Amino acid sequence: MSTTEDTQKAKPALSRKDFVSSQEPRWCPGCGDYSILAQVQKVMPELGLPRENIVFVSGIGCSSRFPYYMNTFGFHTIHGRAPTIATGIRLARPELSVWVATGDGDALAIGGNHLIHALRRNIGLKIVLFNNRIYGLTKGQYSPTSEMGKKTKSTPGGSVDHPFSTLSLAIGAEGSFVARTLDTEVQHMQAMLRRVAEHKGAALLEVYQNCVVFNDEAFLHLTDKTQKAERVIVLEHGKPLLFGKNKDKGIRMAANFTPEVVQVGDGPSQVPLSQIAVHDETCANPAYAFMLSRMEYPDFPVPIGVLRAVSRPAYEDLVASQKAQVEKARGKGDVAKLLASGETWTV
Amino acid sequence: MENHPQSGSDAPTPPTPPAMQVIDSVVIRFCGDSGDGMQLTGTEFTRASALALNDLATLPDYPAEIRAPAGTTAGVSGYQIHFGSREVYTPGDQPDVLVAMNPAALKVNLVDLVPGGILIVNTGAFTPKNLELAGYKSNPLDDDTLEERYRVVPIDISKLTALALEGTGLGSKDAGRCKNFWALGLMFWMYQRDTDREIKSIQEKFAKKPELADANIRVFKAGYTYGENAELFGHTYQVRPAKIEPGLYRNVTGNSAAALGVVCAGQLAELPVFFGGYPITPASDILHDLSGYSHYGVTTFQAEDEIAGVGSAIGASYSGVLGVTATSGPGVSLKQEALGLAVMLELPLLIINVQRGGPSTGLPTKTEQADLLQALYGRHGECPVPVIAAMTPSDCFFAVIEAVRVAIKYMTPVFVLTDGYLANGSEPWKVPDLSSLPKFPVKFRTDPNGFQPYGRDPETLAREWVRPGTAGLEHRLGGIEKHALTGNISYDSENHHQMVKTRAAKVAGVARETGELITCGPPEGDLLVVGWGSTYGAITQAVQTMQKQGHRVSSVHLRWLNPLNPQLGSYLKGFKRVLVPEMNNGQLVRILRAEYLVDAEGFNKIQGKPFKVAELTQAIAERCPGKQK
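Going line by line, the protein sequences match chains A and B. Sequential numbering from 1 applies to the first sequence in my numbering. Sequential numbering from 348 applies to the second sequence in my numbering.
I should point out that these hints are in silico values taken from the structure, not numbers from a laboratory. Owing to the predicted nature of the structure, the values given are computational and were not obtained by experimental measurement. Every residue, glycine too, gets a C-beta built ideally from N, C-alpha and C. Careful, some of the hints might be misleading.
Straight-line distance between alpha carbons at most 25 Å, and here's what the computed BS3-like set of lysine-lysine pairs gives [to be verified]:
(1) B:K590 with B:K555
(2) B:K454 with A:K337
(3) A:K337 with B:K547
Simulated DEER-style distance windows between Cβ atoms [said to hold, decoys possible]:
(4) B:I953 with A:A340: 19 to 25 Å
(5) B:S707 with A:T155: 42 to 48 Å
(6) A:S154 with B:A858: 44 to 50 Å
(7) B:E806 with A:T155: 29 to 35 Å
(8) A:D334 with B:G594: 17 to 23 Å
(9) A:A336 with B:K484: 55 to 61 Å
(10) A:K151 with B:V847: 46 to 52 Å
(11) B:A858 with A:H162: 33 to 39 Å
(12) A:S165 with B:D804: 48 to 54 Å
(13) A:S311 with B:N951: 56 to 62 Å
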């Protein structure tokens, strides 16, 4: 479509500084949100979009302060509803690049309905979901992604509430682009943000983000430099699912559609590389991406990267082309004639 | 109400053939099983009456269930039309003529038939099974008291329909479905409607099934001929053309008028329209209508829920398009938090509430006016929103346009209140000349020099509307309290006080848009009847009736409910008593008492039905003695 933002090019080249607003971020020192802000501000100028055509929309929560710190158009809305408002913006003005900054409480609890419908509809929203597995702004209650048994202010005896996997949910909701990154992996996050920006339709990027005050070290098992190679698997399209410091471990599909971790190599009790699953983010069957989304520590390495990126028409484009068809068939409507339509009579 | 057929005409009667009696208005109700096609019968007769230049008002009444069990009282569907040679304000209190197609319809509707009224009943449907389904222990047609109270016209419409279709080869199921046209034909004879036009209409309606078109025409003609030959009443009735302003006319329901209003408002504002909504009775027709208007610059979005409906509309308004949503009471409850955001953001937004019986699911297909306080006060915090209420089905068009004009001028969400009665009721509407409607083109802020997101127009206190995509005007807004000028987050206590006062003053300033008071009668007297919304017709008719009888009663109708018309306070002082009829448990009356320290008295009907004129004339008579004769 000629109406999407991708066809527009910025006039003078912009720099990171052009995306820094006058407002000083008010996140706790050491919060993972700072890293996300920095990477977004770094990537934005590379996209070649006029700054005024970018809108950041957020709900409520620590993550949702995000728009205030971006020197673009920004709309800090109400709890859980950012996708609805962003949907209106995107439908009304498809030439705008519409980003949603949200959190695990905002997107998966109070706003769960809007998130799943935005994904299945495949409306062109770029959703960055800051998952810190806790409610930070309300000072420490468990969230829909908090693990079972988690002790918080509202679960002194430990949570008995089974969590969502954000990415399983997104894939189940027909998401056409589903990815994950870590707040500490700045290069990876930038790469993911570029992919999000490029995708047509709804894109969901989950960022595992550390809350230093209420859920510190929630992702330490993944970010710890000495361990991460063994516990994180970086997905790359067309490449085998390998991980480990020496890339000597891999994922093989066993019977019953279940993945298994195997030692890769030609030795005894090792599995040859040819048996290792090759990552295909475009796999038509969502079962593959879903399988990846179920891989969790400690049984599996946790995947980061693009789990699923498939091409499906964006909702706003379908709306626009249907409108164009109607206009082509019936002409531009004449309101005076519309008023006088139906059975009329003259007195 | 006039007692048909005894009532005569006020107008001098020109010589008429002896077989024709002139009457000045009549109320007919068609009722039957929801599968009997009563809505179609009603709308066909309505069109014919409009073409006969009668003034008219209609009220469909259909069950909440999509298809209740056939033959039961739960499945009864009705359509009432009031037409006359004088001004008709309401669909009529009580039918003068009741056409009952089955026992259940008789059971539900007989109570409303005026004493001495005509009861046309399809005896063919009074089978033991149908009688039992309707809950009759014995056949009511065998009861002599029916004959004593009404002019009963028993006709085996089922059989006569079958006879008319003999030899057509039409299956008995399809044939049975034609009997509504037999009843229509009889009514066409009784009121001497144009049959040629109707036959054309049937041909058009059933163009894809010519065998059904032929069958319906046969049956329709059979009903008409039966009237002619059976000499049922010895004469037909004539309702002469009403004195109607010349012009081009069409019929319009409140919902279709509201949808047309939305399209028109977009044109007048020179803005594309975005409608975000979720299906809900009785507002869904607005979504349906607008969905067919995409080539008029309208985008419709059926959202995942009510909240997403309003959220998307707010997003559209934020991006510089006219955001619109429509719903009914429960939907409004869900939207209220988001409306608070729109108030905070100071964005134009139109919210149409087609009120229905509440609370909770309440009476989804019935009418009520119980969301006034919700519109005014239903949000958290100090959150004023202008509220305008439509008076008649066609006024939904103008109320919507007025609301949009104010929403844009003052940068605020605006409520339009209609209700189930207006939404589904119809009336003839003089098609407005689009070029005569004043335009209100939007001017977006484009100049970055000196731009402050919350800088205000000194008169209206409106902030400027900025479209994303405007270079140099990038800024951030949100639901958190904001600095009075920059719009940046501010927790400053004095600033919050100032912002609450400013938002209130801005909405209060809409008072200058409320125009002249809508009154009926002199500005002083014994009793003032104050109404709002869809009670306009019944109140006006009742007050006019009582004025003619010498009562010192006037009425005032409030179109704007927030803010109130500044002339109202002094107007109230001209009367000894103030009566406020409402289809709720007393909402406007509280506001009037609080606002004006006036001892206003409520007169409330909460039955899911509009006021009858007789109920109001009686209430007026009890409070306002007429002149001694």
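Here's how the hints hold up against the structure:
no.: 1; hint: B:K590 with B:K555; result: violated, 38 Å
no.: 2; hint: B:K454 with A:K337; result: violated, 44 Å
no.: 3; hint: A:K337 with B:K547; result: holds, 23 Å
no.: 4; hint: B:I953 with A:A340: 19 to 25 Å; result: violated, 39 Å
no.: 5; hint: B:S707 with A:T155: 42 to 48 Å; result: violated, 32 Å
no.: 6; hint: A:S154 with B:A858: 44 to 50 Å; result: holds, 47 Å
no.: 7; hint: B:E806 with A:T155: 29 to 35 Å; result: violated, 55 Å
no.: 8; hint: A:D334 with B:G594: 17 to 23 Å; result: holds, 19 Å
no.: 9; hint: A:A336 with B:K484: 55 to 61 Å; result: holds, 59 Å
no.: 10; hint: A:K151 with B:V847: 46 to 52 Å; result: violated, 40 Å
no.: 11; hint: B:A858 with A:H162: 33 to 39 Å; result: violated, 55 Å
no.: 12; hint: A:S165 with B:D804: 48 to 54 Å; result: holds, 51 Å
no.: 13; hint: A:S311 with B:N951: 56 to 62 Å; result: holds, 60 Å
Of the hints listed earlier, those the structure fails to meet are numbers 1, 2, 4, 5, 7, 10, 11, in rising order.
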